[in-house]
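Protein chains: 2
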Amino acid sequence: MPKGSLASPSHWKAFASRRRDPATKREAVLQTAAQLFLEKSFGRTSLKDVADRLNITKPALYHYFRNKEQILLGCYRLGAGMIEEILNEIAAQCGTGLEKVDAFIYSYANVMTINFGRCVMRLDEGDLSSDALAEVRTYKRKIDRRLRVFIQEGIADGSIAPCDAKIAAFAIAGAVNWICQWYEPEGSLSAEQIASEFARTLTRGLARVRKPGRVTAASPAHKE
Amino acid sequence: MPKGSLASPSHWKAFASRRRDPATKREAVLQTAAQLFLEKSFGRTSLKDVADRLNITKPALYHYFRNKEQILLGCYRLGAGMIEEILNEIAAQCGTGLEKVDAFIYSYANVMTINFGRCVMRLDEGDLSSDALAEVRTYKRKIDRRLRVFIQEGIADGSIAPCDAKIAAFAIAGAVNWICQWYEPEGSLSAEQIASEFARTLTRGLARVRKPGRVTAASPAHKE
Chain B
1 MPKGSLASPS HWKAFASRRR DPATKREAVL QTAAQLFLEK SFGRTSLKDV ADRLNITKPA
61 LYHYFRNKEQ ILLGCYRLGA GMIEEILNEI AAQCGTGLEK VDAFIYSYAN VMTINFGRCV
121 MRLDEGDLSS DALAEVRTYK RKIDRRLRVF IQEGIADGSI APCDAKIAAF AIAGAVNWIC
181 QWYEPEGSLS AEQIASEFAR TLTRGLARVR KPGRVTAASP AHKE
Chain V
1001 MPKGSLASPS HWKAFASRRR DPATKREAVL QTAAQLFLEK SFGRTSLKDV ADRLNITKPA
1061 LYHYFRNKEQ ILLGCYRLGA GMIEEILNEI AAQCGTGLEK VDAFIYSYAN VMTINFGRCV
1121 MRLDEGDLSS DALAEVRTYK RKIDRRLRVF IQEGIADGSI APCDAKIAAF AIAGAVNWIC
1181 QWYEPEGSLS AEQIASEFAR TLTRGLARVR KPGRVTAASP AHKE
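Protein chains in written order, with my numbering: chain B, 1 to 224; chain V, 1001 to 1224.
Calculated directly from the structure, the hints in this document are not laboratory data.
Hints may contain errors.
Below, computed lysine-lysine pairings styled on DSSO-like, alpha-carbon distance capped at 27 Å [to be verified]:
#1 B:Lys40 x V:Lys1025
#2 V:Lys1058 x V:Lys1068
#3 V:Lys1048 x B:Lys68
Beyond 10 Å from chain V on every Cβ pair, some chain B residues (computed) [stated by the list, open to error]:
#4 Ala51
#5 Ala60
#6 Ile179
Backbone N, C-alpha and C fix where the C-beta goes; we use that ideal spot for every residue, glycine too.
The following block holds chain B by itself, in its conformation from the complex (with noise of 0.2 Å):
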């Protein structure tokens, strides 16, 4: 079994060792989590569930995380952290606007097809408490910020072809979170193939654009 593989169906492994770090148990819970609230959703999975898999007691998981909605939250802040991570890198390169956006659609559609990403977007924000809603909100409301401004940037400087940068985002985003409902481990499709594609087909566009007297197709703007 891949140990600390991010996909990795059991975590039950850091639990069995009395040496480990609590912030090895502590990812070990959230790896475990991620993957059952994927096989079972958010509401279905029990702390029990997540304790059994551990092969720990309910009272041990509290030692961790007073609640599942802490459970969730911990994920959230993981996948969010990764991706805001991602951003400041893109931010601090150097490049076009089109260029830190088809290199923001790369990273993104990496981290969703990784189970913290998958888990966290498939969530309905109807079953978070209030707190926990404006934490998530907050997060989401940062990503579609930095993406907007990379689209802002490459309108002004010639990248991009004038649009509304908002909506722009959203449908970026949009397409980018949604590989959550669909993206299978063992599918067809790998992920690096996934990503590629969604960062050429976003950035650049499905129409192939005429020119007087011969056809020309888009070329990919992500080199791979």
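Let chain B serve as the given structure and place chain V on it in line with the hints.
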């Protein structure tokens, strides 16, 4: 109150008169339930909530639907029916593949702004029984296949640049499906604005295509 409006929050009037036909009452149940699923999530909505809002008893509700999942499936069938009708109309039209994709996005985006579309797309599949899941997946697959065929037609007729039609269809469907996650009927963006801009952004792409010596913005494929 706009009677019969898809977004109307209260449909108890359908039950206030003895003369209303069963189909009207059945639809009133679905409208009310869709509204509640959006407000509280599917998991947190009880049959009692639905009955209370309709001002009827729970046994009266059982006359129309035998459980909550059947109500959800009823919503799903209505939403899927609308989309299927649109797809048949588009398929019957003349036009390039790109024009069909454009029409699909525009119409589908509109469905995603009404309550049936919103509540069914926000659903966590893990909340469904295996029979219901099979039915829901059949709808999704059907829609996805039709969109894929439009894209393939576009590649064949030269209106769409060569791409992986399967992944492109997922990207488009995802962007449109995700509308249910952020659209607010009272928000600043109208359904018409969203549908038009999505059709434009997703079919023509973000990238400005530079012709040697001058810069040309992509012209909108969708007629407003």
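Quick rundown of the hints versus the structure:
This hinted pair does not check out: Lys40 (chain B) and Lys1025 (chain V) have alpha carbons roughly 33 Å apart, beyond 27 Å. Between Lys1058 (chain V) and Lys1068 (chain V) the alpha-carbon distance is near 11 Å, which keeps this suggested pair within the 27 Å criterion. Taken as a hint, the Lys1048 (chain V) and Lys68 (chain B) pair is honoured in the structure, with Cα atoms around 25 Å apart against an allowance of 27 Å. A cut-off of 10 Å between C-beta atoms confirms that Ala51 (chain B) is not in contact with chain V; the least separation is 19 Å.
The non-interface label for Ala60 (chain B) is consistent with chain V: the shortest C-beta to C-beta separation is roughly 25 Å, beyond 10 Å. The Cβ of Ile179 (chain B) sits about 7 Å from the closest Cβ of chain V, inside the 10 Å cut-off, so the non-interface label is violated.
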